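Chains as they are written, first to last, in this note's numbering: chain A, 46 to 433; chain B, 7 to 79.
No lab work stands behind these hints, which were simulated from the structure alone. Everything numeric in this text was worked out from a predicted model, so none of it was measured. By construction, the Cβ of each residue, glycine as well, lies at the ideal position given by its N, Cα and C atoms. The reader is advised that the hints may include incorrect statements.
Covered stretches of chain A (in silico footprint by chain B; criterion: 3 or more residues with CB under 8 Å from a CB of chain B, positions within the stretch not fixed) [claimed, not checked]:
id, segment
1, 77-85
2, 276-283
Going by beta-carbon spacing under 8 Å, a handful of chain A positions derived as facing chain B [stated by the list, open to error]:
id, residue
3, Ile90
4, Gly93
5, Arg94
6, Ser113
7, Phe290
8, Pro292
9, Asp293
10, Cys389
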Amino acid sequence: MRERLIYLDNAATSHPKPESVMQAMEAFMREIGGNPGRSGHRLSIEAGRVIFETREKVAGLFGIRDSSRVVFGQNATEAINLGLKGLLRRGDHVITSSMEHNSVMRPLRGLEREGIEITVVPCSQEGFLDPEEIRRVIRKNTRMVVLNHGSNVVGTLLPLAEVGEICRSHGILFFVDAAQTAGVIPINMEEEKIDLLAFTGHKAFFGPQGTGGLIIGERVNEKNMEPLKRGGTGSRSEMEEQPDFLPDLCESGTPNGVGLAGLRAGLGFLLGIGLEKIREHERKLTEMLIRGLLKIPGAIVYGSKDAEKQCATVSFNLEGWTPSDLSFRLDEEFGILTRVGLHCAPSAHRTIGTFPDGTVRVSMSYLNTEEEIEQTIQAIRQLAQKGA
Amino acid sequence: MSLGVILFASTHFAIRAEKLAKAKGLPVKLIPIPRHLSSDCGVCLRFSWAQREEIEAALNEAKVNIEGIHQLA
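Assemble the whole structure, with the sequences as input and the hints as a guide.
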């Protein structure tokens, strides 16, 4: 038995996973294991049913009626690449925020070289976005606004509904990266006027790594969409052209069946608890952590410092310490696992004023306890007293 | 008893149709698509031909696109 660890890196990937997730994956490997949508035998059909039910659960969670518009892939990054590269063309203009992860920034910078115009709207030092800033930079050729919902650095939430309204009134597509919030903060794509949403399966959904996807709203015409890859789908086998309907258009090759079986169980776990309860628990832990850190002499907490306005991710530094030393000592001496550096989001760190040194990031899940947060605050306090 | 099959664009819709039919208490089964109807490698929904109207109505109501309906010899 390994020593008891306090895992606080849930914004990177959630751990531990519910027992039901492991059981579902084992059952898929042992008892199902067919290739979904390829053959007509019972094990292929059963695998197809597992994926269908996973799709239905994801669609239900975001208020989508037609689950064929949920396209599975490896992760949120792949989904963001699909949404951006699949729809944007030379001469289009895209608006994003300065709080984005590189999963958005890097594909956009790549597209910039191919003749797509990018505007990065600045956010406040706390990470907030004024929706009017978006309205101000809209041009005639603005095709899309792409924003994260919750920052992976400081957890700040961006105003989806307000931006959605602005986009809809200008006939612009609204693309949301919900990697940090899906499964904790309720999102209704219709109500918030979201046209595309990228999600990951291995964070708050409690699924395994290698699962994620893109939800393509009904205002997006998939006939104009370019898939990232083409290949076998099990449908239209007589044709050498890619099918033009969803989900097959964007899902070539054998899917991650075992992963999606786990994702289905993860979704079942969170729906069984309910988003409201999950959010409340995480909000309480966040508030506890922020308050505890602010009482430690020399601690600098970044972001909103208000648990209502953010998800369960908190970035901080300790005067006289480098983030990497602090994180290493927390791991070595206390078994507390955090993440340091720039968190794949250099633009967000520039915005909050921590580039290039970065911060120590603590990110919680529903499975963390108040006791663990209390121990973490005590450990940081002890290290602060000792000095680097 | 005469049987028929309904063909769909892909497995996703076939599984959805199966679920809808079963929810209405209609006996159906997913089977490999008979070669003479299509060269697709997927499945189609087998049903009792006498219940054709009921099934079609259920699928239309749920906006499931039907690619073809065939009576089996």
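Each hint tested on the structure:
1. 77-85: holds (count 5)
2. 276-283: holds (count 6)
3. Ile90: With a closest approach of 5 Å, the A:Ile90 hint holds.
4. Gly93: holds (5 Å)
5. Arg94: holds (6 Å)
6. Ser113: For A:Ser113, the interface hint holds, since the closest Cβ of chain B sits about 5 Å away, which is under 8 Å.
7. Phe290: Status holds, d = 5 Å.
8. Pro292: holds (6 Å)
9. Asp293: holds (5 Å)
10. Cys389: violated (33 Å)
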